[in-house]
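S.K.: Residue strings, one per chain:
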Amino acid sequence: MKDVNAENIEFLGSGALAPVKKWGAKWSLWAVHLVTSCCGVELAHAYASGYDAERWGTLNFGMMRQTNLIIVEGTITKKMARALRITWEQMPDPKFVILIGACGIEGGLFWNSYHITRPWKIVPVDYFVPGCPPTPEGLISAVRALQKKIERGEARTTVDFKEADLAKILGTEAGKERKPPKPPLKIAEKPEIKIEPKEVDWEFGNQLVDKLRGKIPYAEVFTTNVNRIYIKTNAKFYKKVAKALESEGFDHVKSINVIDVLHENKFIVECSVSSYSVKELMPVIVTFAAEIDRNNPRIPSLTDIWLSADYQEREMHDFFGVWFEGNPNMGQKFLIAPEVETPLRKDFKLEEPSYVLEESK
Amino acid sequence: MSEMKEYSLPVPVKPPAEIESLELPVPPGLDEKATKGDEIVLFVGPQHGGSGHMRLIVRVHGDVIREVIPDPGFVHRGVEKLAENKLYIQNIPLVERPAIMDCVNFSLGYVRAIEQAMDIEVPERAKYIRTMLAEICRIGTHFYDAGILSVFLGHTTGFMWPFALRELACEVLMRVAGARITASYVVPGGVRRDVDNSTLNYIYEATTYIQRKAKDFERIFVRNPVTIARLKDVAALSKKEAIKYGIVGPFLRACGVEYDVRAVEPYDAYDELTWDVIVADEGDSYSRFLVRVNEIQQSISIIKQCVKALKDMPQGNIVSADIAGKKKAKEGEEKRGLDTVKGAFFRLFGRLTLPAGEYTTLTEAARGTLLYTIVSDGKSNAPYRLRVVTPGWCYLKGFMESLKGCRVADLQAVYGSFGYFPPEADR
Ligand code: SF4
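Top line first, the protein sequences correspond to chains A and B. For the first sequence, the working numbering assigns the number 919 to the initial residue and increments by one for each residue that follows. For the second sequence, the working numbering assigns the number 131 to the initial residue and increments by one for each residue that follows.
Keep in mind that the hints were calculated from the coordinates and are not lab data. This structure is a prediction, so every number in the text was calculated from the model and none was measured. Mixed in with the good hints there might be a few duds.
Estimated spans, in silico, between C-beta atoms of each pair [as the list claims (entries may be wrong)]:
id, chain 1, residue 1, chain 2, residue 2, range
1, A, 1268, B, 393, 35 to 41 angstroms
2, A, 975, B, 509, 57 to 63 angstroms
3, A, 1270, B, 444, 55 to 61 angstroms
4, B, 362, A, 1078, 53 to 59 angstroms
5, B, 363, A, 938, 38 to 44 angstroms
Ideal Cβ placement from N, Cα and C applies to all residues, glycine included.
Work out the full structure: start from the sequences and follow the hints.
M.R.: Set out below in structure tokens:
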């Protein structure tokens, strides 16, 4: 592969106009608006009045066509990767990339997520700034390092780390077997998901439960805590319960949740509703749940009752592959990249952390 | 004015072939239908002139928006899945990453779900510290959104001011928790460490300063005729619509619904403090912005009350005795928790396991209602399922619907007025 970073520098240092080119590029490192993740908060600080990075001739600017620097802020997701590459390709040469944040380097906090890429595989990076998020000073020093690189015509790292003698630290030279520490994580083999009634001192709630019991005799209604009511029902009555709750004054969906119980081969679909229009019901959350077969996960959609359920149903469809019958947008990927299939199912395993220090791969 | 007649020109335009490969979440044949008729399909983003990335697929007629279809997920990082593979305590930094400027509110909701499950009573002092920091984050987030709104409007001064004031909020977090932005300060049963009196004095002074400077900011940006002209009567939602689309937080209150989790289901120290729920009636972009500007003043008053209360309290006792596992106190003495988690962190939180069940908490984060549901199986020391519904994800529907009938040029202003922050919405 061509070394794009070196080529850019070479271009700036060639010809009779080299000093002018270098001077121009050095003091006009304009970064395109590509606030990819939460590190963008510190980027904004760096360019705002507190740190005022504009002093060094760098400025955040709207369009990639008018800019020559990308500051990749943290995570690049699988969906964003393509946009990053297109943005980079559309920028005029010579162009530079600074990558800030631990996420961009090896994934940071999200290293084993199913939706993360390593941005340095997508665009050629000039400088990395570690941190989660790095301070504005960190970002500014990367810009300064880049300027020096343009000026000198060669890259220099700004920090030198001492090389560690791994064999000595790990004691591998003596041929000893290493015992990794036990991972602290304990995940139950056959977890039981049970949501049980709890007696609570909540008068209004107990009245409400009685009222709901009268209205939907086919479902199990109970309190689980103050302000929390749980209704157990099944796919057949799921919609009927929803209608009954709507007539009670519950007017919006707070959350739609699916719990995957792998070893019992079922999904529990939960919908939590609350009210904005009835004052007494405002703090109350009623959750109604239905168990469905994991092999053919279908449940009626609630979008015709509560429009606010729409995006969450589509999200759950992405995550678990549950088909909400009646939602017009089923079958399309909404939140996650097309190549990722039902990541939140329990049989979709993520890479596990290793507790042994290894030589880097 | 004479009536304008519409003429449709049968222009033989073919939608570009790449559209297929983008796998957009649009109804099939949208582009063909649009190009055959009088409409154009515009793609806004994911790289656009503001903060945060998402794609908006806009169907326009002339320059009036007919429909907007969102294509979110450009910053979806799978927080819910990752949480299932980490210890309860390791999830605290994770859950605050979606909106790091609002970190205390985000970790507070999660931690309260744990406390609810384990029946932990949080000491008074910790409650006040949490409330105080949550409000500081709220101020910081509102300023952040105001700054981004000004970027969208092309108003550079309006960007510089709030970010300068945010600097103070960062400084407070740094002095209290040690990090400028990602505090990870709230732990089950209390907070990580105590706040001493000199820091409290600093917080008091900083808020006084913010209060004074916020007035200037109002003069420069909020009541600026340009701002008003760009935002007033743009993308208004009625109260009924707001409820229908399930909007949350300040955006809901801007439509006339008096709903604030801090008031309807008070947590921590909120029921011991006096403050007002800010409500507006218009429901347009300007009132969405104004509600947040006024909330900053309320937050400042809450912080000042907290500082006063904290100064009157004895130092220490910031981690609950319930989780510290202390033996029964001597007779006549109150059970006292720890003064710091230093040295006891792994002992206290390393093996945290919740009783089986489902625990849901609501929190009023800066941008609205934040919901956490933890499902525990009672045996694992990681959540079996963690459901996070962030405010951004809730009001996305209303945001999209409110754009109908606006001009294309208003799109960015409306985007800014909602303070939409994709990492938060996508999680
Ligand atoms: S490095 Fe940290 S702050 Fe930056 S994007 Fe990643 S999680 Fe966010």
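S.K.: Does each hint hold? Answer for all of them.
M.R.: Going through the hints against the structure:
One distance hint, 35 to 41 angstroms for the beta-carbon pair residue 1268 (chain A) and residue 393 (chain B), holds here, with the actual separation near 40 angstroms. Take residue 975 (chain A) and residue 509 (chain B): their Cβ atoms lie about 58 angstroms apart, and the range 57 to 63 angstroms holds. Evaluation of the 55 to 61 angstroms hint for residue 1270 (chain A) and residue 444 (chain B) yields a failure: the beta carbon distance comes to about 45 angstroms. The hinted window of 53 to 59 angstroms between residue 362 (chain B) and residue 1078 (chain A) holds, with their beta carbons roughly 57 angstroms apart.
As the Cβ distance of residue 363 (chain B) to residue 938 (chain A) is approximately 51 angstroms, the hint placing it in 38 to 44 angstroms is violated.
The structure is inconsistent with the numbered hints 3, 5, although it conforms to all the rest.
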